[in-house]
Amino acid sequence: MTVHSPEQLAHEQRRYLQVFAWLAVLTAVELAVIYMPIPHMAIAFMLVVLAATKAALVALFYMHLSVERRTLTYIALTPAVLCVLLVFALLPDLGAITRALTHATPPAVEAEAHH
Amino acid sequence: MSHAAVAHEPVLEPTESPLTPESWGKLGMWIFLCADAMSFGGLLAGYGALRYGDPTWPRPSSILGIQLTALMTFLLICSSVTMVEALAAIRQGDQSGLRKFLGLTILGGIMFLCLQAYEWNKLIFHEGQSITRNNFGATFFILTGFHGCHVFSGVVYLSTVLMRAFRGAFSAHQSNGVEIAALYWHFVDLIWILVFTFVYLL
Chain A
5 MTVHSPEQLA
15 HEQRRYLQVF
25 AWLAVLTAVE
35 LAVIYMPIPH
45 MAIAFMLVVL
55 AATKAALVAL
65 FYMHLSVERR
75 TLTYIALTPA
85 VLCVLLVFAL
95 LPDLGAITRA
105 LTHATPPAVE
115 AEAHH
Chain B
152 MSHAAVAHEP
162 VLEPTESPLT
172 PESWGKLGMW
182 IFLCADAMSF
192 GGLLAGYGAL
202 RYGDPTWPRP
212 SSILGIQLTA
222 LMTFLLICSS
232 VTMVEALAAI
242 RQGDQSGLRK
252 FLGLTILGGI
262 MFLCLQAYEW
272 NKLIFHEGQS
282 ITRNNFGATF
292 FILTGFHGCH
302 VFSGVVYLST
312 VLMRAFRGAF
322 SAHQSNGVEI
332 AALYWHFVDL
342 IWILVFTFVY
352 LL
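As given, the protein sequences belong to chains A and B, one line each in that order.
With positions in the first sequence counted from 1, the corresponding number in the working numbering is that position plus 4.
With positions in the second sequence counted from 1, the corresponding number in the working numbering is that position plus 151.
It is worth saying that the hints were derived from the structure and are not from the lab.
Fair warning: this is a prediction, and the values are worked out from it, not measured in the lab.
Heads up, some of the hints might be wrong.
[Stated by the list, open to error] Covered by chain B, according to a simulated footprint, are these stretches of chain A (three or more residues, beta-carbon under 8 Å):
1) 10 to 21
2) 51 to 65
3) 68 to 80
4) 84 to 92
[Claimed, not checked] Label pairs and their calculated CB-CB ranges:
5) 323/B / 73/A: 40 to 46 Å
6) 88/A / 169/B: 23 to 29 Å
7) 11/A / 279/B: 55 to 61 Å
Think of the CB as a built atom: it goes at the ideal place given N, C-alpha and C, for glycine as much as any other residue.
Produce the entire structure from the sequences given, and follow the hints as far as they go.
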């Protein structure tokens with residue numbers, strides 16, 4: 005890595021602490037959101053947005069993606085894109101496995117739980 | 152080595168990594184992290200598929216201690232800060248700063264593992280949760296266990312970096328080893344942010 009000037013390093017260190025403050029604040033917001041008297045879907049949506057923001061902050065500033073070459077960012081985003089595709093691929097199955105397991109054989113599941 | 156081999160070497164293998172000119176190791180770590188992200192992505196997607204539409208799925212906050220995990224989240228975020236501080240220190244040639252902040256990062260990781268062990272112990276032996284009892288237990292223990300293994304590996308990895316730091320392996324001009332280890336540690340933090348949200352809060 006290239007050697008940084010003292011001003012650059014001081015600026016970077018300020019940025020690190022700013023990101024830390026944001027991460028702490030967003031975590032506190034997440035904790036507050038789950039107790040809000042609004043529909044669960046709205047809570048889920050807000051939590052996903054908050055978590056994605058926090059993950060992006062860590063990747064951009066702590067893993068330095070903001071100053072790396074753009075192609076590396078695309079590579080790092082690939083798994084996220086693939087995971088979203090995987091969720092869509094699983095859509096037809098969502099809940100089906102669990103429903104089959106919990107409703108087809110409830111006595112067996114219950115019996116196991118009590119042993 | 153023959154002259155022919157020396158002459159051919161630059162053609163066969165570029166000396167500079169295409170995306171991370173400062174080191175090949177960094178590119179290697181990024182590729183590993185992408186593969187690892189897909190493992191976590193697969194587990195999280197599987198968890199989502201099992202949970203969605205299952206009316207018997209318990210609300211996580213009714214079983215899991217949110218306050219304790221919030222503290223664990225805070226610990227990991229703090230250890231990410233000490234990790235960037237360690238890298239910033241060695242980039243200024245500050246050896247003692249590097250050792251101090253690396254030590255603090257490792258301490259954060261160990262404290263996280265201790266809290267996780269406490270949490271698992273409480274859930275398994277006092278509240279009867281288990282990996283085989285239901286899908287909630289199965290997905291919870293696999294996801295947090297897989298992440299815990301990563302934290303443990305990170306603690307071992309950072310400890311070897313710290314030992315190398317004590318031997319003076321790093322300097323202002325040679326900080327790649329620290330930077331690559333930092334990438335891994337921040338990734339573990341990033342994954343915990345997602346696991347905390349999807350498994351504990353949602």
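Hint-by-hint comparison with the structure:
no.: 1; hint: 10 to 21; result: holds (count 6)
no.: 2; hint: 51 to 65; result: holds (count 8)
no.: 3; hint: 68 to 80; result: holds (count 6)
no.: 4; hint: 84 to 92; result: holds (count 5)
no.: 5; hint: 323/B / 73/A: 40 to 46 Å; result: violated (23 Å)
no.: 6; hint: 88/A / 169/B: 23 to 29 Å; result: holds (27 Å)
no.: 7; hint: 11/A / 279/B: 55 to 61 Å; result: holds (58 Å)
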